[in-house]
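Let the sequences and hints guide you as you build the complete structure.
Number of protein chains: 2
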Amino acid sequence: SSHPTRRVDYGNRGMTLEDDLNTTNRYYREQHIALIHKKPTPLQIVNVDYPKRSAARITEAYFKKPSTTDYNGVYKGKYIDFEAKETQNKTALPLQNFHEHQIQHMQQVKEHGGIAFIIVKFSSNNEVYLLDAQFLFKFWQEQQDGGRKSIPKHTFVSNGFLIPQSYRPRIDYLKAIDQYYL
Amino acid sequence: SSHPTRRVDYGNRGMTLEDDLNTTNRYYREQHIALIHKKPTPLQIVNVDYPKRSAARITEAYFKKPSTTDYNGVYKGKYIDFEAKETQNKTALPLQNFHEHQIQHMQQVKEHGGIAFIIVKFSSNNEVYLLDAQFLFKFWQEQQDGGRKSIPKHTFVSNGFLIPQSYRPRIDYLKAIDQYYL
Ligand SMILES: [Mg+2]
Ligand SMILES: [Mg+2]
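So the protein sequences, as listed, match chains A and B.
Read in order, the letters of the first sequence correspond to residues 20 to 201 in full-length UniProt numbering.
Read in order, the letters of the second sequence correspond to residues 20 to 201 in full-length UniProt numbering.
One thing to keep in mind: the hints can contain errors.
Which copy? The list can't say, so a pair holds if one copy fits it or any two copies do.
To be verified - List time: in silico PhoX-like cross-link candidates among lysine-lysine, alpha-carbon distance up to 20 Å: (1) 71 to 83; (2) 168 to 157; (3) 58 to 84; (4) 168 to 104; (5) 57 to 95; (6) 157 to 172; (7) 95 to 84; (8) 83 to 194; (9) 109 to 172; (10) 83 to 58; (11) 57 to 83; (12) 84 to 57; (13) 168 to 57; (14) 104 to 172; (15) 95 to 129.
Hints in this document: simulated from the structure, not taken from any laboratory.
Shown next as structure tokens:
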């Protein structure tokens, strides 16, 4: 048995982090502040129909594991790269939210002189933090060495930036970039 | 009536430009030279099946017009962005290969201090050129003012770089970046 249509539950707060980031990035583009896009979801296309008088229709495809992060672009001449995650967990971000490939990707970003970070929303109290990728690498390594399987909330509080939320832009994360990286 | 499976004709030369660029980018990543990826094809997903004991299956989706270019990444701290095109035309690259959105995207890349260019393969004689996006902008503008609908081959010869092709990497376009931009 299968469920033909997925209903998306946006929760009490209305918008998802992804919606808010898309709106923020559109604002940054329209205001000529930065050029940052979400990448399309990677899919494995298996079958395509080419009807005579209408658009090509994909009839079989599957989600692929992403080999990079979801967002990248350019700001003040700098290459920007990040992954966004939302959690219901009140005290930590579970590392199972990331794939090995994404960690390696962010390590390479830094190696080549780019700026890499994560944006994490703790849904329970609607706080959004920016945290430099070095902290993710540290906890990822510790997990591989048998340590804890999450990044504690206090790491975000102590080493990250609480991003102010407002109407336009919704999540002004470039403020944190200005302070932390530039 | 419809044709359920598309057969892809790779032509006499064997590999497509996209294949060669993917191989080249993998080489650049593995050798720690640069971090450049092709973005996934943007799709509009209409219907997804969630079978009980197997992977989610997309049963209806359509190709979307891309709002950005196909390739981006970071090289020596610089943001890199480009579009790749292949043409059978011997004397010019038809501008119909581009969308307005892609032109605007490349203009914004330059505005924010990134490096934007096109890589074009003239299949008839297997020549591959890198051309800075400024030339594309000029011909795009001229077309909108009623001018020619293509970029002449001699613009590539005079103002672009003929990219040397070999086994590893197949299409060493970063050589042109070093000479032209850095
Ligand atoms: Mg993701
Ligand atoms: Mg394309």
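Hints and how they fare:
Within a single copy, residue 71 and residue 83 get their C-alpha atoms only as close as 29 Å, which misses the 20 Å cut-off; across copies the closest is 18 Å, which meets it. In this assembly of identical chains, the alpha carbons of residue 168 and residue 157 lie at most 20 Å apart only when taken from the same copy (12 Å versus 53 Å across copies). For the identical chains of this complex, residue 58 and residue 84 are neighbours both inside a copy (13 Å) and across copies (14 Å), given an alpha-carbon limit of 20 Å. Taking identical chains as interchangeable, the C-alpha atoms of residue 168 and residue 104 lie at most 20 Å apart only when both belong to the same chain, with a minimum of 15 Å there against 45 Å between chains.
With identical chains, the CA atoms of residue 57 and residue 95 are at most 20 Å apart within one copy only, with a shortest distance of 18 Å there and 23 Å across copies. For the identical chains of this complex, residue 157 and residue 172 are intra-copy neighbours only, at 15 Å inside a copy versus 51 Å across copies, given an alpha-carbon limit of 20 Å. For a Cα distance limit of 20 Å, the shortest separation of residue 95 from residue 84 qualifies neither inside one copy, at 31 Å, nor across copies, at 27 Å. Taking CA atoms no more than 20 Å apart as the test, residue 83 paired with residue 194 passes in neither setting, with 33 Å inside one copy and 32 Å between copies.
In this assembly of identical chains, the alpha carbons of residue 109 and residue 172 lie at most 20 Å apart only when taken from the same copy (8 Å versus 60 Å across copies). In this assembly of identical chains, the alpha carbons of residue 83 and residue 58 lie at most 20 Å apart whether taken from the same copy (13 Å) or from different copies (13 Å). Within a single copy, residue 57 and residue 83 get their C-alpha atoms as close as 16 Å, and across copies as close as 15 Å, so both meet the 20 Å cut-off. Taking the shortest alpha-carbon separations for residue 84 and residue 57, both the intra-copy value of 16 Å and the inter-copy value of 15 Å come in at or below 20 Å.
In the homo-oligomer, the alpha carbons of residue 168 and residue 57 never lie at most 20 Å apart, since the shortest distance is 27 Å inside one protomer and 31 Å across protomers. Taking identical chains as interchangeable, the C-alpha atoms of residue 104 and residue 172 lie at most 20 Å apart only when both belong to the same chain, with a minimum of 13 Å there against 47 Å between chains. Within a single copy, residue 95 and residue 129 get their C-alpha atoms as close as 17 Å, and across copies as close as 11 Å, so both meet the 20 Å cut-off.
Hints 7, 8 and 13 from the list above are not met by this structure, while the remaining hints are.
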